[in-house]
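**Student:** Protein chains in written order, with the UniProt record's numbering: chain C, 1 to 387; chain H, 1 to 415.
Please keep in mind that the hints were generated in silico from the structure rather than gathered at the bench. Ideal Cβ placement from N, Cα and C applies to all residues, glycine included. Certain hints may be false.
Residues from chain H shown here face chain C by an in silico Cβ test under 8 Å; the list is partial [unchecked claim]:
# : residue
1 : 78
2 : 82
3 : 111
4 : 113
5 : 115
6 : 116
7 : 117
8 : 200
9 : 201
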Amino acid sequence: MRPARLSVVTAVATAAALTAVTGCTEKSDAKGGANSVSVTATDDKCEVSKKELSAGHVELAIENKGSKVTEVYILFPDDRIVSERENIGPGTKQRLTAEVRAGSYEIACKPGMKGDGIRQKITVTGGGKTAKRDPRLDKAVAAYRAYTQAQADETLPKAKVFTDAVRKGDLAAAKKAYADSRIGWERTEPVAESFGDIDPKVDVREDGLEEGQDLEKDWTGWHRLERALWQDKKIGKREKELATLLDKDLLDWQKRVGKAVITPTSMANGAKELLDEVATGKVTGEEERYSHTDLVDFKANVEGAEKSYELLKPVAAENDPKLTEELDKQFAALDKLLEKYREGGKDSYDFVSYDKVGKADRKELQDGVNALAEPLSKLAAAVVKSK
Amino acid sequence: MAEDNTRPPSRRSLLGWGGAGLALGAAAAGGAVAMTRSGDEAVPAGDAGAAVPFHGAHQAGIATAVQDRLHFAAFDVRTDDREEFVQLLKDWTRAAARMTAGHTVGEGAHGGLAEAPPDDTGEALGLKPSRLTLTIGFGPSLFERFDLSGRRPKALVDLPKFPGDNLDKARSGGDLCVQACADDPQVAVHAIRNLARIGFGKVAVRWSQLGFGKTSSTTPDAQTPRNLFGFKDGTRNVSGQDTSALAQHVWVGEKDGPDWMAGGSYLVARRIRMNIETWDRTSLGEQEDVFGRDKGEGAPVGKAKEHDEPFLKAMKPDAHVRLAHPDANDGATLLRRGYSFTDGTDGLGRLDAGLFFLAYQRDVRTGFIPVQRNLARSDALNEYIQHVGSAVFAVPPGVRDKDDWWGRGLFTGEA
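Hey, can you work out the whole structure from these sequences and the hints?
**Tutor:** Structure (structure tokens):
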């Protein structure tokens, strides 16, 4: 966990400047008009009254004729959300408005509020055009968005194994489930951190608390439980409460992760940030100071970075083949180095306890991270060079 | 990344003439006299802002008048790919030529793509070249790589263990080193930082040392600096202008072998920790006896002036000067470029300070080793110092021109 994430702020600002689209869900003064679209949602359909719209103010008149609660989105081609309306009950009507520039969009209905939704393509013409982006990059962003969502979806049940064990007071089982419950989070940390409020609740370390914050009252999340399990070696009433709170906060993450602003640049920088996480917190052993499971986080951070990279690689390789060649090499080298510390089978996440990793080996890991992170810092430039 | 010496922002543009004093640096660099001209004013090269020519028969930073500050870094090679390593040496050479002239690395520190980190880290923007010199050396361990064992110079021996050594592996050795000397510490640190960055993935910093307050000079006419014990050090150092002494004691001769080392030198680096607190509690009389000089003037025992010829027998048998003097070591002479260091305190409240000793010589076997053997055995100073880091490097000859690069002779087999 890092207290401030500059590049995320930058990414958000960049995205806002690029698209200049405002999602505004409650604007009642724009009833009817040429840019009004009727959306009829059922449990298996999402019908729209028109698919060609003019740039500017757009209003969706939504009617849920199905049996499930639904939600409706206006989406960019890369699945970023332009505007959304949640919790549309069966038999109810809702309005959704947005300021939209020329370009391609999709309207999605999500019956049961789950999955990718039923999609309809719409085209907006006229007015100022949004900058055209390489469709391969839109694809990469959409795939990465799906990845971050999947990581969150898969994390919740794993976290529950951990929190259930805590609630049962089963110290051994809780210790065993701890590192595994963090993998999905560690793989996609920059996205999770972009929300600002979730990270301090679930992943803050003792030293991340502010002056005046109470260690017992205000410190929540994984690392607070880590300390209880490994250092205090006991589970009390407070720990059980914290386990339930962790479930709740992670649920919040899972629900919001799809709404994160993700751009090709933020993906590339996110990959570099994951390596920064390794360089500043994991190599030093600060992150998991009680459990010493730092190498599990390390592995997950590298995997997350590699995912971003693999998705951006088709474009980056065209613009800067030397860079992607170097990145392939350095990812492979770092993966190989990490293998030295894997204790379980091929795909296991059983790694050597980090307090058993000596100074010289830590230096070697740091050198490996530097060797990868330096060229990785050039990935964003290789992606934006694209015409 | 071309050698464009005119593109802004240029630190050189802040300069006037390289001027007369530069001849000193130029002579040291093998007589390749080069002047920097961009104005009408004449500024002597002794001026802290000037640029020292990078190209020449010998590397700058050895006989060059000693600058005020040091950042020394030892690197480990992390690649097994010879071609990749050679490319790094070429990239480093290009960056070094630019930085010593006061220019930024690559495309500069700003004005590039917003999405990419700048090529240059930027902290030296607006600063003068500050007589920055960058000097490369190759450690014995490098010759075990890349099929180079046949080219390892015989004079590049592993140092023996000296009595009293307490060497920290993490502060010793290295496949290669870069010595950055400048009159502005920011300029020296900037240079090492940028080279390290260019090197990531190919080389990794093994250890590094910052130094201040040169403890010896290669300009004996100037005032002799003092070490942290408060004594003048390097009174009898080799002068950077004494070409015959340099040829005799410092530069590797054509017949010394191997061919690629002709015009080069050998560097011994030692981190010498000083027991500052106990020294400060030592009586003046003992302090002066330990060195064999007086503290105020620096005159040898029984003499009046610093530069008076010392009468060794008048000193105590274990006096530092007596044991270190060439007369006590079969004429062994070193060119010293050491710096003081203070790395804060050591956790016990003691000043973590001392002397980062750098000595250049024609052959380590006849240079540092006999002198240090003599000192390690009986120097009275040993009570107050401890050698805690050690490294030795073969320093190749100078980069001749724009097409030449650091280590070309070693890697291509051409002298």
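**Student:** All the hints need checking, so say for each whether the structure fits it.
**Tutor:** Hint check results:
With a cut of 8 Å, the hint placing residue 78 (chain H) at the interface with chain C holds, because the nearest CB-to-CB distance is about 6 Å. Checking residue 82 (chain H) against chain C: minimum C-beta separation of about 15 Å lies over 8 Å; hint violated. Contact between residue 111 (chain H) and chain C, as hinted, is not supported at the beta carbon level, the nearest pair being about 14 Å apart and thus beyond 8 Å. Hint on residue 113 (chain H) holds. Least Cβ distance to chain C is approximately 5 Å, under the 8 Å limit.
For residue 115 (chain H), the shortest C-beta to C-beta distance to chain C is roughly 4 Å, which falls under 8 Å, so the interface hint holds. A least Cβ separation of about 3 Å between residue 116 (chain H) and chain C falls short of the 8 Å threshold, and the interface hint therefore holds. The restraint placing residue 117 (chain H) at the interface with chain C holds, with a minimum CB-CB distance near 5 Å, inside the 8 Å limit. Interface restraint check for residue 200 (chain H): the shortest CB-CB distance to chain C comes to about 4 Å, inside 8 Å, so the restraint holds.
Checking residue 201 (chain H) against chain C by beta carbon gives a least distance of about 3 Å; that is within 8 Å, so the hint holds.
Of the hints listed earlier, those the structure fails to meet are numbers 2 and 3, in rising order.
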